[in-house]
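Residue-level listing of the chains:
Protein chains: 2
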Amino acid sequence: MDYKIAETKVRITADNDLAAEQVRKQLASRHTLLVNLMASPGAGKTTTLLRTITALKDTYRIGVMEADVDSDVDAKAISELGVRVIQLHTGGSCHMDADMTMRGLEEMGYEDLDLIFLENVGNLVCPAEFDVGAGLKVMILSVPEGDDKPLKYPLMFTVSDIMLINKIDTVSIFDFDFDAAEERAKALNPKIEVFPLSSKTGEGFDAWIEALKKRIEEAIA
Amino acid sequence: MDYKIAETKVRITADNDLAAEQVRKQLASRHTLLVNLMASPGAGKTTTLLRTITALKDTYRIGVMEADVDSDVDAKAISELGVRVIQLHTGGSCHMDADMTMRGLEEMGYEDLDLIFLENVGNLVCPAEFDVGAGLKVMILSVPEGDDKPLKYPLMFTVSDIMLINKIDTVSIFDFDFDAAEERAKALNPKIEVFPLSSKTGEGFDAWIEALKKRIEEAIA
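From first to last, the protein sequence lines stand for chains A and B. Quick note on numbering: our numbering labels position 189 of the first sequence as 189, and the sequence is numbered without any gaps. Quick note on numbering: our numbering labels position 137 of the second sequence as 137, and the sequence is numbered without any gaps.
These are calculated hints, taken from the structure and not from any lab test.
It does not matter which identical chain is meant; a pair holds if it fits inside one copy or across any two.
Subject to a maximum C-alpha distance of 20 Å in a straight line, what follows is the list of computed DMTMM-like cross-link-like pairs (lysine to aspartate or glutamate):
| no. | residue 1 | residue 2 |
| --- | --- | --- |
| 1 | Lys57 | Glu111 |
| 2 | Lys186 | Asp70 |
| 3 | Lys76 | Asp148 |
| 4 | Lys214 | Asp58 |
| 5 | Lys200 | Asp148 |
| 6 | Lys25 | Glu218 |
| 7 | Lys57 | Glu218 |
Please put together the full structure from these sequences, using the hints given.
In structure tokens form, the structure reads like this:
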């Protein structure tokens, strides 16, 4: 049986580019790198962040902004690492925008930091639409989600600088084609860097940390 | 180290309750049940739908509306079952609303159907905010996402009638506490019905199909 395709309406997102440029300028003047970390719920944002911060916290001054619709379970986990953390409640909003990011930075204090992570709301759609002024956009696709996600949520793969393919320790029980995932992402965004890893076991982390360090060094130079 | 909590702004969603009531009224007058199926990307919406339709298609007249930001890979898979399918492209929007649903129903044709599934955009946040006029809201939480999701995305668990806990075949390699997930969901929504299952193996499907049949019979009576 055949099927029809109907184009339903486009919801225009508010233009927050100006505010994002201000965030970017402000952070550049302080030689601080802001990393916008985006992914679906449960892809492993917090676990990835915990391991990444552990690898970097003796070298760089780090701050973390935890954005959640509600709850502060992630901020609690991160704060145990001894880095500066602020919990941002988006009050129902499905993403962070540049204004909210600026307010978060000011509340947290950012002038003395080298590296700031924004853990965005768990959502593969909306955060991709809103530039928050980050110097680096990192997205996580996890193995259980499937290698077809670039086809279905193309914008996230188009705007990100780095794609982490997380939970590679689970690949034996999921049908996940790494080459297909990478090809699909690169068809949308040829410059995207791809790092398969496991935030649970640490496998694959060295290459990701190396790439991130390079970006940090460029920003703080 | 302690952390601050900052309340960032609330984005008010457009009120589409009136349009949702019209959808609901229209479908009730035709004795048709509309099921709004919601979940994160990769939680298994399409696989669940394929197995559910296979179990029901000899008994009921079924239609499916596949909502995606882009692509029609899911509609292709569903159409192979021989049921009526329409692909809805939301044009970047992260959710379906009642107007888009009404247009989809009209494009597809719904007057002669008993049961219509709307596979919503993969997103655990925004679809929960928009009543589309469905008679039944079903959400899927998959084991790899984690049992803490009701804490972090409470609205989805609050508005849903049924929670399917999918991918139970993977539980040996993930830390997932079924009792904790159910308790957290029921703390938000005491009436929510919970069915652990695997859309891959079929385990646990009988109870879910039985519950769904009960709802369909009530709607078409």
